[in-house]
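Student: Read top to bottom, the protein sequences are chains C and D.
Counting from 290, one number per residue, gives the positions in the first sequence under this note's numbering.
Counting from 4, one number per residue, gives the positions in the second sequence under this note's numbering.
Calculated directly from the structure, the hints in this document are not laboratory data.
Here the structure is a predicted model, which means the values were calculated and not measured.
Cβ atoms here follow ideal geometry from the backbone N, Cα and C, with glycine treated the same way.
Be aware that one or more of the hints could be misleading.
As the list claims (entries may be wrong) - Lysine-lysine pairs mimicking DSBU-like chemistry, simulated, CA-CA at most 35 Å apart:
#: 1; chain 1: D; residue 1: 284; chain 2: C; residue 2: 431
#: 2; chain 1: D; residue 1: 220; chain 2: C; residue 2: 413
#: 3; chain 1: D; residue 1: 220; chain 2: D; residue 2: 10
#: 4; chain 1: C; residue 1: 461; chain 2: C; residue 2: 376
#: 5; chain 1: C; residue 1: 320; chain 2: D; residue 2: 442
#: 6; chain 1: D; residue 1: 291; chain 2: C; residue 2: 310
#: 7; chain 1: D; residue 1: 177; chain 2: C; residue 2: 376
Unchecked claim - DEER-style ranges, computed between Cβ atoms:
#: 8; chain 1: D; residue 1: 216; chain 2: C; residue 2: 347; range: 43 to 51 Å
#: 9; chain 1: C; residue 1: 382; chain 2: D; residue 2: 368; range: 31 to 39 Å
#: 10; chain 1: D; residue 1: 227; chain 2: C; residue 2: 373; range: 36 to 44 Å
#: 11; chain 1: D; residue 1: 290; chain 2: C; residue 2: 461; range: 48 to 56 Å
#: 12; chain 1: D; residue 1: 220; chain 2: C; residue 2: 315; range: 29 to 37 Å
#: 13; chain 1: C; residue 1: 315; chain 2: D; residue 2: 371; range: 17 to 25 Å
#: 14; chain 1: C; residue 1: 430; chain 2: D; residue 2: 220; range: 51 to 59 Å
Stated by the list, open to error - Which stretches of chain D does chain C cover? Using the computed rule of at least three CB atoms under 8 Å from a CB of chain C, they are:
#: 15; segment: 243-254
#: 16; segment: 340-352
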Amino acid sequence: MDEKLIHAVYDDDDVLLSAVKELRNAKYQIKDVFTPFPVHGLDEALGLRGTRLAVTAFLYGILGFSVAVAMIYFIMIVDWPQNIGGKPSFSFMENLPAFVPVIFEMTVFFAAHLMVITFYLRSKLWPFKSPENPIPSTTDDKFLMQVIVKGDEDKLNNMLTKTGAVELSMHKNESE
Amino acid sequence: MFNFNKKLKIFSLVLILLGSIGVGIGFLSSPSNVDEALAMVSSSHDSNHDNYNEVHNNALDYHQEKPHDDEHHYDHGKHVKHQLQNRPWASIFVAAFFFFMIAMGTLAFYAIQRASQAGWPILLYRVMEGITGYLLPGSILLFLFLLVSGLHMNHIYVWMDPETVAHDEIIQGKVSYLNIPFFMLRALIYLTGWNLYRYLSRRLSIAQDNAEKGNIKNYKLNFKISAGFLAFFFVTESMMAWDWIMSIDPHWFSTLFGWYVLASSLVTSVTVIAITTIFLKSKGYLPKVNDSHIHDLAKFMFGLSIFWTYLWFSQYMLIWYSNIPEEVTYFLTRIDDYQLPFFGMIILNFVLPLLILISSEYKRSNWIIVMAGIIIIIGHYIDIFNMIMPGTVGDQWFIGVPELSAFTLFLGLYLYFVFNSLSKVPLEASGDPYIVESKKFIY
């Protein structure tokens, strides 16, 4: 594809947010936005779909809960019942209070770790991956918006300047 | 400004009337004629005792199987008589404390928002102030109840009975703290302090609305007294929980009991704030409150439900595991005699709120919040019931006319005072310096 991209750099999140809204109103297509921190309301302004990570977290929690129940049942009741404080050691239900902390921790452990792993896979992140952000300062104090050029280039440039962009540069749309 | 119309007024007055009638019936149907009941129990033994049991649901089978001498029998009958006499009193106490706790928790929640200078809840300040409008009447009623107990008109607190203390070495060791004058003095200090803060903060909040633009003196002063109040509150709230509730079982103690009561109080209060807000919105008030505000309240409902469970379980597991007789009796009474409310409450207060409110979309849906809220309110009412009833009524409990009508009576009083205080001032704290942030609030 011989498409062109404009990289517009902003230095304030509120300015960026209103610029995103303005461009989307003018039917321009925004490819991506790089920010040093999560900007409140940006996902909504960009029209991104809601994340389904929460659903996976719930499922992982249920998985962790089941694994913990099975594990503790096998360890403490089936395989090696022990007399701890004179508690009935052959019944899962009568020992339940002692198992609740383990079950709770395993649920949290599974939900948290598997959710993070899912997030990395879904965002195509792995160790030693070279960064995707066009300029390093988007990890510091700058906000960068990639707009796909459509129609009159100067008009778009003017518009971006008017929205408060501090720096504009033209690039080729390389990926995909 | 909220319009406390005739329909609502009549509704709350009808609740008060119905509740009062029911409470009256509760007192009449308990063995309130003390002499007769005493004579019935003490003059003869088995025959009357049996009649007595039949009247009261044969709840004493366990005791009958035991052989016992006359004196024991007499003591036992007296004990049962006290328990039955306690029933209407204890049910009043449960209801009085529950609705007081809503106002108290709301006040604490409100003070936290003030002291942290939070931006989002400012549109809800007047709702919270409306709910704390019940604090003063609730405090007076509760104080009267404690006073009546202190005058030996009921047997809610066994340590108040000098005869019991004379035979009880454990209570004797606590007499320097658990004595009636000091108990009343402490109650007076807590209630005065909380009501004073409520009065001052409400006045400053209204004064801020009328102040000229840019003058935030009232706001700053309110911030300072809120921070001071919180330091006072978290100490006195803990002591209040020991005094009013934990001392019902004077042999037993739990160091986290104050926080446990606080968690119950906060989760109920936030739920009530959410339901009141949704109610007011449905009537066309609070137009600026959006679903992000509701979402935040629902997050608090969800989080505090789990916090409550954490404290409940921490208390339960340690006592269950160590299995020390003087500690474990507390839970044995509850598991033996109160199995359904005791374990049912875990489902109402933990499992259902957890599953219903876990999704962030559900936290923004009004009818789901109202449903979950009703579950939480019932659950925490049962929680208070479980705190107070086993030590006062023992195995003679039943959810009948006295319990339901005490709830009705105090619900009526609560609604009357809350609606009344909501109708006094505009529902938007327009002078607050952060009001714009609250209006623009999006999650």
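Student: Determine which of the earlier numbered hints do not hold for this structure and return their numbers in increasing order.
Tutor: 1, 2, 3, 4, 10, 12, 13, 14, 15 and 16
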